[in-house]
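*Asks:* Sequence:
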Amino acid sequence: MAVTFTDLHAADGLKALEQHLAGKTYISGDSISKDDIKVFTAVPSKPGAEFPNAARCDRHRQAAGVLGVCFYAGSSESDYYSEEEEMEWDEDDLGSEGEEDAEVARERALKRLDGLSKRRVCYLSRVPPNMNPSHVRQMLSKYGEVQRIYLVPEGQGHRKHTNVRVKAYTEGWIEFSKKSVAKRVANLLNGEQIGGKKRSPFYYDIWNIKYLKKFKWDDLVGEIAEKTHIREQKLNLEIAAAKKQCDHYLSNVEKSCMLEHIQERRKKKQKTEGTEFNEVREEKSARPIPQKKPVEETDAKTKPKLPKDILAGVFGGP
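Using full-length UniProt numbering, the first residue of the sequence shown is number 1, and each one after it goes up by one.
Wrong hints could be hidden among the right ones.
Said to hold, decoys possible - Distance windows between CB atoms, simulated: (1) HIS135 to ASP219: 22 to 32 angstroms; (2) PRO290 to LEU311: 30 to 40 angstroms; (3) SER28 to LYS210: 24 to 34 angstroms; (4) SER28 to ASN190: 34 to 44 angstroms; (5) ALA16 to GLN245: 37 to 47 angstroms; (6) HIS229 to PRO290: 34 to 44 angstroms; (7) LYS267 to LYS292: 47 to 57 angstroms; (8) LYS183 to TYR203: 58 to 68 angstroms; (9) GLY48 to GLY191: 49 to 59 angstroms; (10) ASP219 to VAL253: 48 to 58 angstroms.
Quick caveat, the hints were computed from the structure, so don't treat them as lab data. Note that the structure is a prediction, hence the values are computed from the model and not measured. For each residue, glycine too, the CB sits at the ideal point set by N, CA and C.
Modelling step: build the complete structure from the supplied sequences, incorporating the hints.
*Replies:* Okay, here's the thing in structure tokens:
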């Protein structure tokens, strides 16, 4: 790491980190590296809203599972799945009780990072009906070690299946522990029948799987995080527009109520003061605006016209 950071526990150190991360996602390079582990292990707490670049980088680091943030099978809030042995961390590993614990945490994080660099991802362009991440893991584990699986749920507007209890998926990504395993699985299964037992609901379906070259899990997580952020921004804009429209409507209602109240007061006052006051008030409230007449009417009066006998002689009339 060419750039070094000091006093990351203070505001000055976080400001230097914030300036370095302007327009970047990671400390160095296009993916999570050892520099990210070293820097964010030294930060005592999560960066606040006053440091948006550092907070964004910290979110990407946590989403990639470098510091133990991982999703297991059976989670109701996400469709990420991983083995139970994946990324198990204790709170003491973050170095809260001394420098020795911090060094141990750094070493363990670097070892985890070396294992992450060897992993590769395959893309599943079609998920057969009734297939879930557990089925995918069970079928592909016999070819090699499967790490994480993410399947995109089918939207409500595009639901093709009548059984609403069955959760359907459109596409997915599977992470393998080794690059050779991912390549072998893609070359072996793509375009082949799933097979298995004939009573299996996936027996006649076809595998549509492709190996993604130079694609890692943190790329997928970063893309999903960006899409989520954009969706939240659009939702906030829609809420702000609806609130503005509602406020405008309420202000018009208040104005109309106020005008009705004023008219009622005028009517009561007119009954007591007579018609003269009524005529004056009507003239003031009318406020006539002077308008110019259309161009055609003014031109018709100013332009000279030929006599009818001359026109009759030209066109052969009587």
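*Asks:* For each hint, tell me whether it holds in the structure or not.
*Replies:* Structure-based check of all given hints:
1. Separation of HIS135 from ASP219 is about 25 angstroms and conforms to the stated range, judged on CB atoms against 22 to 32 angstroms.
2. The beta-carbon spacing between PRO290 and LEU311, approximately 38 angstroms, falls within the hinted interval of 30 to 40 angstroms.
3. Under the hint 24 to 34 angstroms, the C-beta atoms of SER28 and LYS210, about 30 angstroms apart, fit the expected range.
4. Hint check: SER28 to ASN190, Cβ distance near 35 angstroms, so the stated range 34 to 44 angstroms holds.
5. In this structure the hint that ALA16 and GLN245 lie 37 to 47 angstroms apart at CB holds, the actual value being about 44 angstroms.
6. Hint check: HIS229 to PRO290, Cβ distance near 55 angstroms, so the stated range 34 to 44 angstroms is violated.
7. For LYS267 and LYS292, the Cβ-Cβ distance of about 36 angstroms falls outside the hinted range of 47 to 57 angstroms, so the restraint is violated.
8. Between LYS183 and TYR203 the Cβ separation comes to about 26 angstroms, which falls outside the hinted range of 58 to 68 angstroms.
9. For GLY48 and GLY191, the Cβ-Cβ distance of about 51 angstroms falls inside the hinted range of 49 to 59 angstroms, so the restraint holds.
10. Under the hint 48 to 58 angstroms, the C-beta atoms of ASP219 and VAL253, about 51 angstroms apart, fit the expected range.
Checked against the numbered hints listed earlier, the structure breaks hints 6, 7, 8; every other hint is satisfied.
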